[in-house]
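As a plain string of letters, each chain reads:
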Amino acid sequence: MTHTDLSHPELADVEVHGMTRSSFILKGALATGAVYGASAVAPFVSSALAASTDVDILNFALTLEYLETNFYQVKGKAVHLSGEAKALATSFGDEEAQHVAALTGAIKKSGGKPVKMPQFAFPVTNQASFLKLAYTLENVGVGAYNGAGPSLTSKALLAAAGSIVQVEARHAASIAFLTGAKITPNGAFDKALTTKQVLAAAGPLIKS
Amino acid sequence: MTDHPDSADEAAPIGVVERLARDDVERKRFLKMAGKRMGAGAAATGLAAFIAACGSSSKSSTASSAQAAAPGTTSSSATSSSATSSATAAASSGDLAIVNYALTLEYLETQFYEKVIASGLFKGSVLSVLKTFGAEEGEHVVALHKVAMSLGKPAASPKGKFPIKSASQVATLAATVENLGAAAYLGQAPLIKSAEILAAALSIHSIEARHAATLNLLTKKSPTPNGAFAEPATMAQVLAAVKPFIA
Numbered sequence: 002m003t004h005t006d007l008s009h010p011e012l013a014d015v016e017v018h019g020m021t022r023s024s025f026i027l028k029g030a031l032a033t034g035a036v037y038g039a040s041a042v043a044p045f046v047s048s049a050l051a052a053s054t055d056v057d058i059l060n061f062a063l064t065l066e067y068l069e070t071n072f073y074q075v076k077g078k079a080v081h082l083s084g085e086a087k088a089l090a091t092s093f094g095d096e097e098a099q100h101v102a103a104l105t106g107a108i109k110k111s112g113g114k115p116v117k118m119p120q121f122a123f124p125v126t127n128q129a130s131f132l133k134l135a136y137t138l139e140n141v142g143v144g145a146y147n148g149a150g151p152s153l154t155s156k157a158l159l160a161a162a163g164s165i166v167q168v169e170a171r172h173a174a175s176i177a178f179l180t181g182a183k184i185t186p187n188g189a190f191d192k193a194l195t196t197k198q199v200l201a202a203a204g205p206l207i208k209s
Numbered sequence: 002m003t004d005h006p007d008s009a010d011e012a013a014p015i016g017v018v019e020r021l022a023r024d025d026v027e028r029k030r031f032l033k034m035a036g037k038r039m040g041a042g043a044a045a046t047g048l049a050a051f052i053a054a055c056g057s058s059s060k061s062s063t064a065s066s067a068q069a070a071a072p073g074t075t076s077s078s079a080t081s082s083s084a085t086s087s088a089t090a091a092a093s094s095g096d097l098a099i100v101n102y103a104l105t106l107e108y109l110e111t112q113f114y115e116k117v118i119a120s121g122l123f124k125g126s127v128l129s130v131l132k133t134f135g136a137e138e139g140e141h142v143v144a145l146h147k148v149a150m151s152l153g154k155p156a157a158s159p160k161g162k163f164p165i166k167s168a169s170q171v172a173t174l175a176a177t178v179e180n181l182g183a184a185a186y187l188g189q190a191p192l193i194k195s196a197e198i199l200a201a202a203l204s205i206h207s208i209e210a211r212h213a214a215t216l217n218l219l220t221k222k223s224p225t226p227n228g229a230f231a232e233p234a235t236m237a238q239v240l241a242a243v244k245p246f247i248a
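Which chain is which? The protein sequence lines are A and B, in order.
Straight run, no breaks: the first sequence in the working numbering ends on number 209.
Straight run, no breaks: the second sequence in the working numbering ends on number 248.
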């Protein structure tokens, strides 16, 4: 299929939708990140912008999974979640941690060096703001994997990334279901985010 | 984890959610099929398999991931004329067969939601969710049909037949259908040759996943029934599972 084949109205809409949405996400994340000023995101930036090899892509994904794991497991505890939010955060934190372990293993097996877990700062003070950021992070995760998927040269890694992105999408929908946010914020087609877009969204949450 | 406060609110109009845990014929049948699927796929899933697959180096790594889906691709071309009949020996025939397979599933999902919405079994916010999901499946049909046209001959719309008995039975069936759809896309992703078609498939795959998770929560099931790593389904597995719903 050639590039022009993708200029169907439907698929063009995907782009329009996605850009609108990512602008929205970026705006929100940058606003929250601004609280912390310029973050030291050097390792994340380098892995993102160098994301050309499979190992680069995996390291980029690993940083996001570290971020999600830390968010659920540490921040989730700090804001004293209750009820269904607590149950979801516990379960999702465990699943994100498994993604961290899997990606770390995959990077090593591919002969690469896994990035270290950065320090994070989440501008979240209560259950409502926690769930709001959780929703944003999961949607960024979906966009990040969808964006990186076609760049993976290994089909095994693509299959693995697919099995992870499906779980990220399920997390995002679950949080939406819980909070009343949009279950499908991009409509019928999820947006693929570029590394730069992901960086802009997640970077401000990384302290070092 | 599997229960949900809002679903209780929805129980009023549909009276459904509490009863969903209880069985009905369709659900049992599906669970049986799902069980077979998971049994077959179990060896290829989970963290250990993930790492093993990733470790098989960049050159030979296609084998392990394609393992689950490749057999289905082959056998389905024999078993499902509707989804794969237009496949040819041309270079893009693999992608066309995959797109037509996805198109067939999206046709069925769209017809299913149309029947569900018309049934009058659902009201309020649950009905609104079902309408949204149905409309999104309809958009998938339109998009995939155009992609199939660009590659060759699109699959014809199958004639679906769905048991519409009660709200609980329908909600459970919807969850099953969406989980199957997500697994179907996941199974095909590594087999798609065109980067553009892969990107389109991924953008649909995560929508099916969002639908599946929502319906799982509505029916008091875990939104992540396979845990941290979603399991793929082969074309043969999926076509066998949807066969009862094709007239």
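Bear in mind the hints are in silico, worked out from the structure with no lab data behind them.
Remember, predicted model here, so these are calculated numbers, not experimental data.
Among these hints, one or two may not hold up.
Claimed, not checked - Pairs of lysine-lysine residues, derived as DSSO-like cross-links and limited to a Cα-Cα distance of at most 30 Å, are as follows:
1) 244(B) - 87(A)
2) 194(B) - 116(B)
3) 197(A) - 117(A)
4) 183(A) - 166(B)
Original post:
Okay, which hints does this one fail, numbers in order?
Top reply: Checked against the structure, the hints that fail are numbers 1 and 2, while the rest are satisfied.
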